[in-house]
Amino acid sequence: MSGESKALADQSRRRFMAKTGAALAVGLGAGVRFIDFPNAHAATGPVSQAQRWGLLIDADKCASGCNACVQACDDEHGIRDHGRARTDAQWIRKVRVRDNTSGREVSLPLMCQHCEEAPCVEVCPTGASFRRADGIVLVDKHSCIGCRYCMLACPYKARSFIHENLKDQKPWSPRGKGTVESCNLCVHRIDEGGGRIPACAESCAREGHGAMVFGDLNDPASPIAKAMGEQPSQELRADLELNTGVRYQNI
Amino acid sequence: MNRTFTIIGLFLGLLVELCSSSAAQEISALQPVIPPAARGERCVEPTEVMRRDHMKFLLHQRDDTVHSGIRGAKHSLVGCIGCHVQTDPQGAAIAVNADGQFCESCHGFAGVSIDCFECHASVPADGQIKSQTNGQASALPQWMSPPALSMAKGISPGSVP
Amino acid sequence: MATATNSMSNSEFTATEARGAAFYTLLVMLVIVAGLGLWAAHHMDVEGHHVTGMSNQIVWGIPHVFAIFLIVTASGALNAASLSTVMGRKVYTPYARLSGLLAIALLLGGLAIITLDLGRPERLMVALTHFNFTSVFAWNVFLYTGFLVLVSVYLWTLMERRMNPLSKSTGTVLLAWRLTLTTGTGLIFGVLVARQAYDTAIMPPLFIAMSLCFGSAAYTLLLFSVFDCSGRRLDDAVVSALRRLLMLCVVGVLFFVGLLHGVKLYTPESRGIEAFLLVSGGVYPWFFWAGQIVAGSLVPLGLMLWRPTARSRSWFATACALVLLGGLAQLYVIVIGGQAYPLDIFPGRQIIESSFFDGTVAEYQPRLPEFLLAFGGVAMALLIIVLGMRVLRFLPRTRMAD
Chain A
1 MSGESKALAD QSRRRFMAKT GAALAVGLGA GVRFIDFPNA HAATGPVSQA QRWGLLIDAD
61 KCASGCNACV QACDDEHGIR DHGRARTDAQ WIRKVRVRDN TSGREVSLPL MCQHCEEAPC
121 VEVCPTGASF RRADGIVLVD KHSCIGCRYC MLACPYKARS FIHENLKDQK PWSPRGKGTV
181 ESCNLCVHRI DEGGGRIPAC AESCAREGHG AMVFGDLNDP ASPIAKAMGE QPSQELRADL
241 ELNTGVRYQN I
Chain B
1 MNRTFTIIGL FLGLLVELCS SSAAQEISAL QPVIPPAARG ERCVEPTEVM RRDHMKFLLH
61 QRDDTVHSGI RGAKHSLVGC IGCHVQTDPQ GAAIAVNADG QFCESCHGFA GVSIDCFECH
121 ASVPADGQIK SQTNGQASAL PQWMSPPALS MAKGISPGSV P
Chain C
1 MATATNSMSN SEFTATEARG AAFYTLLVML VIVAGLGLWA AHHMDVEGHH VTGMSNQIVW
61 GIPHVFAIFL IVTASGALNA ASLSTVMGRK VYTPYARLSG LLAIALLLGG LAIITLDLGR
121 PERLMVALTH FNFTSVFAWN VFLYTGFLVL VSVYLWTLME RRMNPLSKST GTVLLAWRLT
181 LTTGTGLIFG VLVARQAYDT AIMPPLFIAM SLCFGSAAYT LLLFSVFDCS GRRLDDAVVS
241 ALRRLLMLCV VGVLFFVGLL HGVKLYTPES RGIEAFLLVS GGVYPWFFWA GQIVAGSLVP
301 LGLMLWRPTA RSRSWFATAC ALVLLGGLAQ LYVIVIGGQA YPLDIFPGRQ IIESSFFDGT
361 VAEYQPRLPE FLLAFGGVAM ALLIIVLGMR VLRFLPRTRM AD
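Sequences listed follow chains A, B and C, in order. Residue 1 is where the first sequence starts when you use our numbering, and the numbers rise one by one after that. Residue 1 is where the second sequence starts when you use our numbering, and the numbers rise one by one after that. Residue 1 is where the third sequence starts when you use our numbering, and the numbers rise one by one after that.
If we strip away everything but chain A, and leave its shape as in the complex, we get:
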């Protein structure tokens, strides 16, 4: 390059650097942030696989005429009776079961079993039905298109579809028409921390039955792990090998 054109090139390079530097300074001065920490002030941190939430139900302690768990769930999540039993949502229900051979009857609550190999998660086309890292199976209603395929796939009939317009939802439990939902182990309570447990288990304890024990299946010191160690427990439809998070004793 000739000396003259090199000088020109140097000059234009200097001008470029000056302009860029000025822009950066102005930008920084005006408060442009290059790095943001959106969760720096969050109340809770992200969940992980370290915990696996589960529920243990002792059918012997479940009182036949009692509906406390169902009532508590309805109150907690704002599930109202629209007078249409076939289409009204139910996250938890009480069933009475009689053995065909012995005639022995038990009563127990039935809800989403939070399977590790959940069929509802497998079949959801958009991935709205998913299993969180800490074992809770729930529906991301922002992605749910309301196809109801997961409802066909669930072996426990745990899912409900919302068939009408809703209002006065609870702020901690958003629910709306056209999406599918099921028991989410009161995930808003669990995420809060502070040892809160699902409303059903809480109400069962409050009624004095104590048939429902909630806790971390991965923690050998938790009440649920200890209870499972003392007495045998089983999954419903164990033949499907779904490895459910909800287990039953004495059924």
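Careful, some of the hints might be misleading.
[Said to hold, decoys possible] Simulated pairs of lysine-lysine, DSSO-like, Cα-Cα distance not exceeding 30 Å:
#	chain 1	residue 1	chain 2	residue 2
1	B	Lys56	A	Lys226
2	C	Lys90	C	Lys168
3	A	Lys61	A	Lys226
4	A	Lys61	B	Lys56
[As the list claims (entries may be wrong)] A few chain B positions that, by computed beta-carbon distances, are all more than 10 Å from chain A:
#	residue
5	Asn2
6	Arg3
7	Gly9
8	Gly13
9	Leu14
10	Ala37
11	Met55
12	Gly69
13	Thr87
14	Pro89
15	Gln90
16	Ile114
17	His120
Please keep in mind that the hints were generated in silico from the structure rather than gathered at the bench. Idealized CB from N, CA, C, for every residue including glycine.
We have chain A already, so just place chains B and C on it with the hints.
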């Protein structure tokens, strides 16, 4: 050809002129009337940023909340409602997406429909709004307090008031 | 006049010359029915699904029966195309284009019903951009849209003279694609481990057999109606070929249905569902035996084999119509019957009390919006066919004596 370009150029110039300087005085009459927030000292983001990007924040936050269980973060929807909800003279909260209220005042103006409140509550939980005065600690449960408010009061997230 | 590539020039094809009161009346009626279907979808969207007969027990109803029927038939409608282009059966060559139109129209009609019945149809864009690839539904999104594209390309290779040499390879890919598509449709039910009526690998082959059967019947009926309305006459060779094809397909469906129910009866676990569907389930055994087996399979076979009716075109058309009605009955039993039977959550036990209809057979009373949506989808498919034939050259001009 040249004449055509000249005419087009003049027309465009006229258009730009009309839309920029001389029309500036009328723009304020066309802007939406947004009720000011009732509590908290400032929003979690500058107004200009919020105007453009609030949907981006909400979309990101909802994934954090649903998939990672992060609640009470800066951009939580519940936090927005906590500050921006208005109350009627009896102290009851008015739905934040009702006519003339915070969300609808801009969204109605812009003609963008909101479907958040088909599922999400448009008021804080029952009986939680006690007063409308700025800076007063509201009776919201901790995890629903607007983070800006709790920061201003020196309450750190996660502690029980 | 087939060339070495088994194709014909465009001048041998024509659009329908339909005009006049009858044609426009037909168009108006189809538009009205399709419009009512759209209104029904809007009503369901605004009010929620409680205005339908579907519930938390029967989550897929009449709209889905019709939609799956249309989708399955759409794939089979390409029989004439595959047989002529891929397998070199020259008797079908003049009729390959029309089968492509029928396939596109039926698939679009079925997809319209399915998407309009969604709980949140405005989120279709979410379904087209977020995929969970362990889901058969997600694969089906690609299979169905790809099918539409491929059939369009195939029609292009037939209609554009310079593309004719590509028609065989396109047709071959299309044949593989439609078999995969129908496998995907069958797998929707085949992978559901929860329900005893499903949970079987026989579903895909059964659905393929059904698609060949219903597709042939629908295609034959379309050919007959179009040729009759325009005063043309189909030549005997193709009518005999279609008759033999339909007989073969009906026997095929009977075989797979027999296999499905036979194996399930053999398995103690599923004797309950079989007894329900075949004997004690009320409307379901009726639809199965009277609708699917007798009216949908045995009577058509008889009409096509019994000498007094075997040569008659009108009896052949009747047989085709019966096959289609039997197909609807079959899908009703599969889709609704499979859901009506209670889930066996506690094997060896009986659920005697539940607030969520556990342990009881679910009732299903379809209501008006569901029928309107279903018929609307069919009307939409017919509209596409009628308008398509009117605008583009789908009908063979030669090979008719008039």
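The hints, checked one at a time:
Simply put, B/Lys56 and A/Lys226 have alpha-carbon atoms about 45 Å apart, too far for the 30 Å limit, and the pair is violated. For the suggested pair C/Lys90 and C/Lys168, the alpha carbons sit about 13 Å apart, so the restraint of at most 30 Å is met. Between the alpha carbons of A/Lys61 and A/Lys226 the distance comes to roughly 17 Å, so the proposed pair stays at or under 30 Å and holds. Annotation: proposed proximity of A/Lys61 to B/Lys56 is violated, straight-line Cα distance about 49 Å (limit 30 Å).
The Cβ of B/Asn2 lies farther than 10 Å from every Cβ of chain A, with a closest approach of about 34 Å, so its non-interface assignment holds. Every C-beta of chain A lies more than 10 Å from that of B/Arg3, the closest at about 38 Å, which supports listing it as non-interface. Residue-level check passed: B/Gly9 sits 29 Å from the nearest beta carbon of chain A, beyond 10 Å. With a minimum CB-CB distance of about 28 Å to chain A, B/Gly13 clears the 10 Å threshold, and the non-interface call stands.
Listed as outside the interface, B/Leu14 is consistent with that label: its C-beta sits roughly 33 Å from the nearest C-beta of chain A, beyond the 10 Å cut-off. At the 10 Å boundary, the C-beta of B/Ala37 stays outside the reach of chain A, the nearest C-beta of that chain being 18 Å off. No Cβ of chain A comes within 10 Å of the Cβ of B/Met55; the nearest lies about 12 Å off, and the non-interface call holds. Non-interface call for B/Gly69 relative to chain A: violated, since the shortest CB-CB distance, roughly 4 Å, does not exceed 10 Å.
At roughly 16 Å from the closest C-beta of chain A, the C-beta of B/Thr87 stays outside 10 Å, upholding its exclusion from the interface. B/Pro89, annotated as away from the interface, keeps every beta carbon of chain A farther than 10 Å; the closest lies near 21 Å. With a cut of 10 Å on Cβ distances, B/Gln90 stays outside the contact zone with chain A, its closest approach being about 17 Å. Interface exclusion of B/Ile114 from chain A stands, the closest Cβ pair being 12 Å apart, more than 10 Å.
Listed as a non-interface residue, B/His120 fails to keep its Cβ farther than 10 Å from every Cβ of chain A; the least gap is roughly 5 Å.
Checked against the numbered hints above, the structure breaks hints 1, 4, 12 and 17 and satisfies the rest.
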